[in-house]
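Peer 1: These are the residues of each chain, in order.
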Amino acid sequence: GAGVSQSPSNKVTEKGKDVELRCDPISGHTALYWYRQSLGQGLEFLIYFQGNSAPDKSGLPSDRFSAERTGGSVSTLTIQRTQQEDSAVYLCASSKNGQGISGYTFGSGTRLTVV
Amino acid sequence: GENVEQHPSTLSVQEGDSAVIKCTYSDSASNYFPWYKQELGKGPQLIIDIRSNVGEKKDQRIAVTLNKTAKHFSLHITETQPEDSAVYFCAASYAGNNRLAFGKGNQVVVIP
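Top line first, the protein sequences correspond to chains S and P.
Mapped onto my numbering, the consecutive letters of the first sequence carry residue numbers 1 to 115.
Mapped onto my numbering, the consecutive letters of the second sequence carry residue numbers 1 to 112.
Treat the hints with care, since some could be wrong.
[Said to hold, decoys possible] For lysine-lysine, the following BS3-like pairs were computed, each having C-alpha atoms within a straight-line distance of at most 25 angstroms:
1. S/K57 x P/K68
2. P/K68 x P/K58
3. P/K71 x S/K15
4. P/K58 x P/K37
5. S/K57 x P/K22
6. S/K57 x S/K11
7. P/K71 x P/K42
8. S/K96 x S/K57
9. P/K57 x P/K104
10. P/K42 x P/K104
11. S/K11 x P/K57
12. P/K22 x S/K11
13. P/K22 x P/K58
14. P/K68 x P/K42
15. P/K37 x P/K104
16. P/K58 x S/K96
17. P/K22 x P/K104
18. S/K57 x S/K17
Honestly, the hints are just simulated from the structure, not real lab data.
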């Protein structure tokens, strides 16, 4: 597609439930990133996929968070047993990153509200 | 890891005036510095970037300057317009220059 697509755009879930957030990156972009943006805060790195390499999971805040990227394209971020502090906007970005890093293209994000 | 700081946190300017946002970074190995603009309800959008082998880059009303020695870089917006009102994020590459660390953002308000 022309841009990075994320779904759903909004998600309200009850505390303790699991949620799955989806990201469809720009075709041909080998790098995919998940960031979290809390109200009034900057962007917190969560996880990074580059081609077929093992993902860099160093930013995941707890073992309730996991992500996968199938076929080098679509990625899903899963949050298990959601807590209220998980409420935030989850942003996905993709990048070419062929010879060194290049600018990310972000999706519009998924606004997650845990009640 | 990389630590990126932005200041001021909010900036109000009269339409037509210039706006300057400054960022500092900590990792001397960083070599890529983009700026993003985020409007309400949307994802951040890349507006300009600079690499460490360049000191200044300009694109119409927007320019970015980089001082590698002092480890800071700035966004300059000239002849501001109401549509420039947004949150602006700076970022710096780190971790082998494979990803970006972001500042907390600046709210820029252009007063008509």
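Peer 1: If any of the earlier hints don't hold here, list their numbers in rising order.
Peer 2: 1, 3, 5, 7, 11, 12, 14
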